[in-house]
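Okay, here's what each chain looks like letter by letter:
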Amino acid sequence: MIERVLKKIFLTDNVFLLEISRSNREDILLGQFASIKTSLKDKILRRPFTIVRNEKNSITFLIKVVGSSTESIGNFDKGDFVDILYPLGKGFKENLDYENTIFVGGGIGIAALIPFLRNVKYKLIFGDREGEYEEVLKYFSLKGLHCQEKKGKFKGYPTDFLNRYDFDTIVGCGPKVMLKSLKDYSVKNDKKFYAVYEEVMGCGVGLCNGCSVKTEDGDFIKLCTEGPVLDGKRIVYD
Amino acid sequence: MTDLKVKIGKTTLKTPVIGASGCSGWGLELSKFNDFDRIGGFVTKSITLKKKIGNENPRIREVYGGILNSIGLENNGVEYFVENILPQIKNYKCAKFLNLAPFSKDDLFSMIKILDRNEGFDGYEVNISCPNITNKKVNFNSSFDDSKKLLKGVRDLTEKTLLLKLSPSYNESFKIAEFAEKEGFDGISFTNTYIGTLVDVEKREFVFKNIQAGFSGPAIKPLSLFNVYKMVKSVKIPVIGIGGILNLNDLLEFLIVGATACQIGTGVLIKPDILEELSRSLEEYMKEKKIKNIKEIIGSIKERL
Numbered sequence: 150m151i152e153r154v155l156k157k158i159f160l161t162d163n164v165f166l167l168e169i170s171r172s173n174r175e176d177i178l179l180g181q182f183a184s185i186k187t188s189l190k191d192k193i194l195r196r197p198f199t200i201v202r203n204e205k206n207s208i209t210f211l212i213k214v215v216g217s218s219t220e221s222i223g224n225f226d227k228g229d230f231v232d233i234l235y236p237l238g239k240g241f242k243e244n245l246d247y248e249n250t251i252f253v254g255g256g257i258g259i260a261a262l263i264p265f266l267r268n269v270k271y272k273l274i275f276g277d278r279e280g281e282y283e284e285v286l287k288y289f290s291l292k293g294l295h296c297q298e299k300k301g302k303f304k305g306y307p308t309d310f311l312n313r314y315d316f317d318t319i320v321g322c323g324p325k326v327m328l329k330s331l332k333d334y335s336v337k338n339d340k341k342f343y344a345v346y347e348e349v350m351g352c353g354v355g356l357c358n359g360c361s362v363k364t365e366d367g368d369f370i371k372l373c374t375e376g377p378v379l380d381g382k383r384i385v386y387d
Numbered sequence: 011m012t013d014l015k016v017k018i019g020k021t022t023l024k025t026p027v028i029g030a031s032g033c034s035g036w037g038l039e040l041s042k043f044n045d046f047d048r049i050g051g052f053v054t055k056s057i058t059l060k061k062k063i064g065n066e067n068p069r070i071r072e073v074y075g076g077i078l079n080s081i082g083l084e085n086n087g088v089e090y091f092v093e094n095i096l097p098q099i100k101n102y103k104c105a106k107f108l109n110l111a112p113f114s115k116d117d118l119f120s121m122i123k124i125l126d127r128n129e130g131f132d133g134y135e136v137n138i139s140c141p142n143i144t145n146k147k148v149n150f151n152s153s154f155d156d157s158k159k160l161l162k163g164v165r166d167l168t169e170k171t172l173l174l175k176l177s178p179s180y181n182e183s184f185k186i187a188e189f190a191e192k193e194g195f196d197g198i199s200f201t202n203t204y205i206g207t208l209v210d211v212e213k214r215e216f217v218f219k220n221i222q223a224g225f226s227g228p229a230i231k232p233l234s235l236f237n238v239y240k241m242v243k244s245v246k247i248p249v250i251g252i253g254g255i256l257n258l259n260d261l262l263e264f265l266i267v268g269a270t271a272c273q274i275g276t277g278v279l280i281k282p283d284i285l286e287e288l289s290r291s292l293e294e295y296m297k298e299k300k301i302k303n304i305k306e307i308i309g310s311i312k313e314r315l
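Protein chains in written order, with this note's numbering: chain A, 150 to 387; chain B, 11 to 315.
The set of hints was computed from the structure by calculation and includes no laboratory data.
Here the structure is a predicted model, which is why all the values come from computation and not from measurement.
Certain hints may be false.
[Said to hold, decoys possible] DSS-like mimics (lysine-lysine), calculated; alpha carbons at most 27 Å apart, straight line:
id	chain 1	residue 1	chain 2	residue 2
1	B	LYS231	A	LYS192
2	A	LYS239	B	LYS42
3	B	LYS62	A	LYS363
4	A	LYS329	B	LYS213
5	B	LYS213	A	LYS363
6	B	LYS42	A	LYS192
7	B	LYS61	A	LYS239
8	A	LYS190	B	LYS231
9	B	LYS62	A	LYS239
10	B	LYS192	B	LYS123
11	B	LYS60	A	LYS363
12	A	LYS363	B	LYS61
13	B	LYS219	A	LYS329
14	B	LYS42	A	LYS205
15	A	LYS325	B	LYS219
16	B	LYS219	A	LYS192
17	A	LYS382	B	LYS62
Okay, chain B solo, but in the shape it has when bound (with noise of 0.2 Å):
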């Protein structure tokens, strides 16, 4: 028997491989496409409190290696979360996280007050690291300070799994991973996309309104790879690796260097079948190479001393 399950917080994965948030729409769109009863789960679009209209066009621009994206959070609230789309996903097979983009700490509290009187999910990755709030009072990623005073007390307001998502653009990220562990939460999602930008040389302007955008995709695999295994040695709660995994060797090394699970982003958005198919041939490549339990694959990095 191959044994592909891994364990965050309560929520128990059937495989590690997890569609990522902003990627996976609502989990209805990828149903389509994948057998839940076959992958690990995936994380839900950013919920707000209340709705929040997206970014001006243009949205998405594809770039070599990858694309730079500003959606900008566009999502109708916790409300109507609750109301249209929880019923339509609560029993789905695998599991749900939905993740939460507060732009203050009593956000962050209304939010998890509503949802936690429902049913028909396993946790929250709470979002603080969108490469699209330009807003220096809401960027708590950017500060240590802000990201304390944010997360402190949520474990109290929850039972169910908490996971933090982290941007790779501020250094900060490795110390608020260590206060969120302190605090409670149950693992660390990272990385979130890089911050970049585009310029159009005709009209010598930037392309996205905002100027800034994330970026993602197959190029910066090697920055988040190093992220995710500085992360790991930061943290003793379990890393969720992020970042351009494409293919079951993408996954491989992410798993190798100390990811517990991972999530897949742009990759679903190429193929939105890729959920499935990874897990199917993470299995696969453990019975070719009679692996019995994903936990002999998971942090088995040779390090040279």
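In isolation and in its complexed conformation, chain A is listed as follows (with noise of 0.2 Å):
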């Protein structure tokens, strides 16, 4: 379908907010994405983003500049029409004990944590490798442990914190290595871990099993269609 941009704004020098017109009625569940098509010539397929908030008449995504397709949706103007696919992904339907769960957000893995921490009151981690981020966190008034991995109040890797609370469940969405890192972690302090993963797509609505996710029990899950909420516990980071 076909959107139009709203509003974009940058809140740090490769960090934007991208709030598109919401035309499609369909109830959006939390960690339900869509997929974008950038407005580059050679580049063909989509690119998935967690849906961050989601209004009546918006829909609002938080998107890293990592490479030339990031960068040319950076390049939305306000006006301009946007070809997206939303709602994907089976969303999270469990019903979560905010009181006994750490939510634990590396880098711009951030942007898949937001859409719980609204209205709720809730314990998060957050890692901030080079402490870029501190006008995300401000703009969506986000409040938790900020650690740095060289400097700051706290400084190391958002796992170095895991004991100053108490919890049964971990909710965590970042780099590979921080997931596994929780995994490890959940495993043998018998924690309940949901990682909200992120793997390269190709249609981002199951048809091409190009997503897949390789499992403890040597099977494979589509990304796509049955994430991207996953069991964390359940997969092999590699």
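Hints given; two lone chains; assemble the complex.
So this is what it looks like as structure tokens:
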């Protein structure tokens, strides 16, 4: 379907917020995503992004420029047409006990956690390697332990700070290496772990099996239709 | 009345636009995006006799002009298909072809025997051209003799429409197609993806664990168009043209060089509703050009001698 850009703001040098019109009245569930066609002629596949916010007449994305595709989406201006498919993915339907859940985000992985953190009391550890996400946290009024790899009050990786909290469930999104540590921690300490996972996608709608994720039992699950929120302990992170 | 119908074997397609195997899922996913009453049909993902685990990641990478895939025939096997998928797709109003990927003659014959007891689909597309099969023993398309042995007698197993899907990466494909025609196959699906690869310069490694992958998308269109033209010259049975079709003009080119119908693969991944869109735009084009029957387009290329 075709939507229009309502707002675009660069919150940091390379992280921007994109708000577009919403003509699709289907319910949007936690964790669901959209896939956006770039404006580049030489990029034919769409790119998947978590729906960070959904309002009656708009949906919002938080996107980091990491290559030419995201750069081209960052070049969209207010009023531009956007070729987009949404909502995609199974979404997250479990009941979370927020008292006993810790959210762990790494870098732009925070985008996938934002929809979980709206209008609730939550516990959050956010790993920000270079200390570049200050404005993002401010924009979405996110409160939590904000750690950086080599400086600041909380120096280290997000997983270094887990022991400060009481919880039985982890919801994590970020680099694979972080998700892998969260899995190891969850297995060792018998915690539940939901990973909001990322993989290169072909179609995003279940046609191609391009985004299949390897699981501990040697099988694969289709991320686009079974995820993107998966049982993080089942995934093989390699 | 504009007539877009084409016939392949016993199957009449409402339009010459078919979703290609591998990119059409099991039809279930496509049904959300296309009115199946307005398209030709679709070919399922490959079915193998037993459950087949797919390839290790990465499985898909975008490159200039197309995509490389290394999916690896991931599916739950023929019994699972019959029990769980066929009941869901059998009432779809378009043509349904089952893509079969055999690792042996026994595999192929067993699958057809099991499937042929059921109704709810139109025919088979025997796939001997998967780009991600590296085992020489089961890479039938690379050997005329192996293909002959595999395909001999298949016709006796079924009354349904029989298609053969071939690779453009082996010259043998033309001879194999001629043999299939003699054996009673009803059509040739051509071309599958081109075998290609990708290197990670930083790591100095091949990106895909299998080294090779299947290359598809707009970049292959001129190559496939010529291959389809050559195939049309080689066999008298219908050729289903495949290769980088993304729009009406691409589709018309394949039909004009003689493809009876076309399959869309990568185009479906980009635009899941493309089958209905292309069917509609072909009809509009014919009305505008006052073309009453699709047969006036198929094979209408003017060749300079």
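Hint by hint, here is what the structure shows:
With a C-alpha separation of about 16 Å, the suggested pair LYS231 (chain B) and LYS192 (chain A) falls inside the 27 Å cut-off, and the hint holds. The suggested pairing of LYS239 (chain A) with LYS42 (chain B) holds, with an alpha-carbon distance near 15 Å, which does not exceed 27 Å. Under the criterion of a C-alpha separation no larger than 27 Å, the hint pairing LYS62 (chain B) with LYS363 (chain A) is consistent with the structure, at around 14 Å. Of the pairs offered as hints, the one joining LYS329 (chain A) and LYS213 (chain B) holds, with about 22 Å between alpha carbons and a cut-off of 27 Å not exceeded.
The straight-line distance between the Cα atoms of LYS213 (chain B) and LYS363 (chain A) is roughly 22 Å, inside the 27 Å bound, and the hint therefore holds. Simply put, LYS42 (chain B) and LYS192 (chain A) have alpha-carbon atoms about 25 Å apart, close enough for the 27 Å limit, and the pair holds. As the CA atoms of LYS61 (chain B) and LYS239 (chain A) are separated by approximately 24 Å, the hinted pair is consistent with the 27 Å bound. Distance hint between LYS190 (chain A) and LYS231 (chain B) is fulfilled; the C-alpha atoms sit about 16 Å from each other, no more than 27 Å.
The hinted pair formed by LYS62 (chain B) and LYS239 (chain A) meets the criterion: a straight-line CA distance of about 24 Å does not exceed 27 Å. Between LYS192 (chain B) and LYS123 (chain B) the alpha-carbon distance is near 22 Å, which keeps this suggested pair within the 27 Å criterion. At roughly 19 Å between alpha-carbon atoms, LYS60 (chain B) and LYS363 (chain A) fall within 27 Å of each other, so this suggested pair holds. Straight-line distance between C-alpha atoms of LYS363 (chain A) and LYS61 (chain B) comes to about 16 Å, which keeps the hinted pair within the 27 Å bound.
Proximity of LYS219 (chain B) to LYS329 (chain A) is assessed by CA-CA distance (about 21 Å); at most 27 Å being required, the pair is judged to hold. As the CA atoms of LYS42 (chain B) and LYS205 (chain A) are separated by approximately 23 Å, the hinted pair is consistent with the 27 Å bound. With a C-alpha separation of about 19 Å, the suggested pair LYS325 (chain A) and LYS219 (chain B) falls inside the 27 Å cut-off, and the hint holds. The straight-line distance between the Cα atoms of LYS219 (chain B) and LYS192 (chain A) is roughly 24 Å, inside the 27 Å bound, and the hint therefore holds.
For the proposed pair LYS382 (chain A) and LYS62 (chain B), the alpha carbon gap of about 23 Å is at most 27 Å, so the pair holds.
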